[in-house]
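Trainee: Next come the chains, spelled out residue by residue.
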Amino acid sequence: MKPILLHPDDNVLVLAEPIRAGQTIEIDGAALVAPGDVAVGHKIARRALEVGEKILKYGAPIGSMTAKAAAGAHVHMHNMKSDYIASHTRLATGEGQ
Amino acid sequence: MNIQGYLRADGRKGIRNVVAVAYLVECAHHVARAIVTKSDDPDVHLIGFPGCYPNAYALKVMQAIGTHPNIGGVLLISLGCESFNREALRAAIAASGRPVETLVIQESGGTAETIRKGVEAVARLKAVADQTQRVPMDVSELVIGTICGGSDGTSGITANPAVGRAFDRLGAAGAACVFEETGELVGCEKIMADRAITPELGEELEASVRKAEAYYTVMGYGSFAPGNAEGGLTTQEEKSMGAYSKSGSAPIVGILKPGDLPPTGGLYLLDVVPDGEVRFGFPNISDNAEIVELIACGAHLTLFTTGRGSVVGSAVSPVIKVCANPETYRKLSGDMDVDAGRIMEGRGTLDEVGDEIFGLVLSVAGGQRTVSEALGHQEFILTYKAFDPIGPACLPLRRAS
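Residue numbers (this note's numbering), protein chains in the order written: chain F, 1 to 97; chain L, 1 to 401.
One chain only, chain F, in its complex shape (with noise of 0.2 Å):
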C-alpha cells in the first residue's frame, strides 16, 4: 500500500485505502510495517517527527506537533495542533456525551 505525497516538501502523507496494524506500506521507495489502523483521508508522519515540528501538507504549514510520532504513525488531534485556532470534536463540545 502505497500512500498519497501531495508536495515534495511534505512530511506527512495521505490515505487513499484504509490500512491496519502490521500491514506492510511503502513510503519514499521504503517497506515499512504500520503501526496501527488509519482510515481513508487521514495523515500518516512520512518520518520521524518531533514535537514542536511543523506539519506540511500541499506543500503549507497545516499546524505543528504536540507529541512525537514515528514514521508511518497517525498524525491527528492526539498529536498535532493548529497554529491558528483550536480544532474540536464533539466530545470535547461537550454535547456528545
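Some hints here could point you the wrong way.
[Said to hold, decoys possible] The calculated lysine-lysine pairs, modelled on DSS-like cross-linking and capped at a C-alpha distance of 25 Å, are:
| hint | chain 1 | residue 1 | chain 2 | residue 2 |
| --- | --- | --- | --- | --- |
| 1 | L | Lys38 | L | Lys117 |
| 2 | F | Lys81 | L | Lys117 |
| 3 | F | Lys54 | L | Lys190 |
| 4 | F | Lys68 | F | Lys81 |
| 5 | L | Lys190 | F | Lys81 |
| 6 | F | Lys81 | F | Lys54 |
[To be verified] So, partial list: chain F residues that the calculated Cβ filter (under 7 Å) puts toward chain L:
| hint | residue |
| --- | --- |
| 7 | Ala16 |
| 8 | His42 |
| 9 | Ala60 |
| 10 | Ile62 |
| 11 | Gly63 |
| 12 | Met80 |
| 13 | Tyr84 |
| 14 | Ser87 |
Think of the hints as simulated: they come from the structure by calculation, not from any bench.
The beta-carbon is built from N, C-alpha and C at its ideal position, and this holds for glycine as well.
For chain F, the structure is supplied; the task is to place chain L on it using the hints.
Mentor: Just chain L now, kept in the frame of chain F:
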C-alpha cells in the same frame, strides 16, 4: 451546449424560472409553506427571513434574491406587525420588472384565507413567469458559486481541486466564479493574496481572512466540525488548504460581500464574515446560509463538494454535488451528481473530473435537473448579520461595453 436562458425585464438571464414565496417573519412561515405545498410545483420555492427585528443585510439579501435572474415572480407573506421592510422589498422586485404580490395575514382574513389567496396569487405569478422570453445564453453570462460541506481528508485531494479545474475553464470562458468562506481560508491568506490582480486587492484579501480569524476566535470555534476530524482533517489550516483548492489557479479579480453582483467575469472571493464587533453569533450557522449568500451574489448554480456526504440542495439556484470520498459515494450515490472519489481509486484523474463538472454545469444551465433538485431539496436559511460596503480596492474596473 445550447443554453436557452430566461430573459428578465432588467436584461439579466436566468437558467430556472422560479416563483418564490417569501415569509418576512417566522410567524408567516407556516402560511408561506402551506402555499408552496398546495401549489405542488417543483418551480415554486419557499424562501424567507425569520427575525422580527430589522436588519439591513437581510433586506439586501432578500432584495438580491427577489431580483435574481432565476426568479420569475415573488409572493411576499407578511404577518403584518413585523419590522421587515416589505415595501422596500416589494419596490426592488417591482423595479426589476418581475411580478410581485404581497399578502398581509392580519389584513387577509388569517391563516386559511391567506393560504387560499396565496395559492391563487402563485398561479397568477406563474402565468406571468411562463410568458418569459427564452433567449440564447452564453457561458460568459453565468455566475457560478462553490462551497464545500462535510469536508474530510479526501476533499482537498479529489473534489475540491477538480472543481478548481472546472472553475479555471469557466473563468477562461468569461463566467464569473465565486468562492467563499474566509473562515476556511485561515492559513492560506498569503498564497491567496499573491493571486490578486493588484497589490491593493491582495491586502484586502489578507485583511478579510484576518477578520475571519479574529471573529471565529471570539466565537470560540473555527469553521471546523467534528465530522471534519473524523474524516482525517486535524486543523483549521489543513481544512483551509483543501477548501482553497476549489478556487483553481486563475488570478483573483475582486472581493464581494453578500448581495454584491460581480461586475465582470473572472474569479471572486465572497467575504461572508460580518464587519465590526462580533454580533448575532456565528457568521454562517450552516452550509445552507453560505449557498444563500452565493445566490444573493447572482450565482445561477452552485458546485458543492462533500467528503462526509452532505445531501442538501437549495431554493432558487440548483446545486451540483461533487463527492470527494469513494466510500461516501458508495453509501450516498443517490445524492451525488459527480463521483470525484474515483480519483482516489485510480479510476479517473483531476482533469477528467474537472471536465465532467464543466460539462455538467452547461447541462444544468441548459435545464437538466441536478440530483438534489430532483429529490426536492430546496433548503433556504437567512439570519442576522452586519456588513460595511466593500472598499474601492475590492472590485475590478467595469467592462467598457
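Trainee: If you check each hint against the structure, which ones fail?
Mentor: Result: hint 2 breaks, nothing else.
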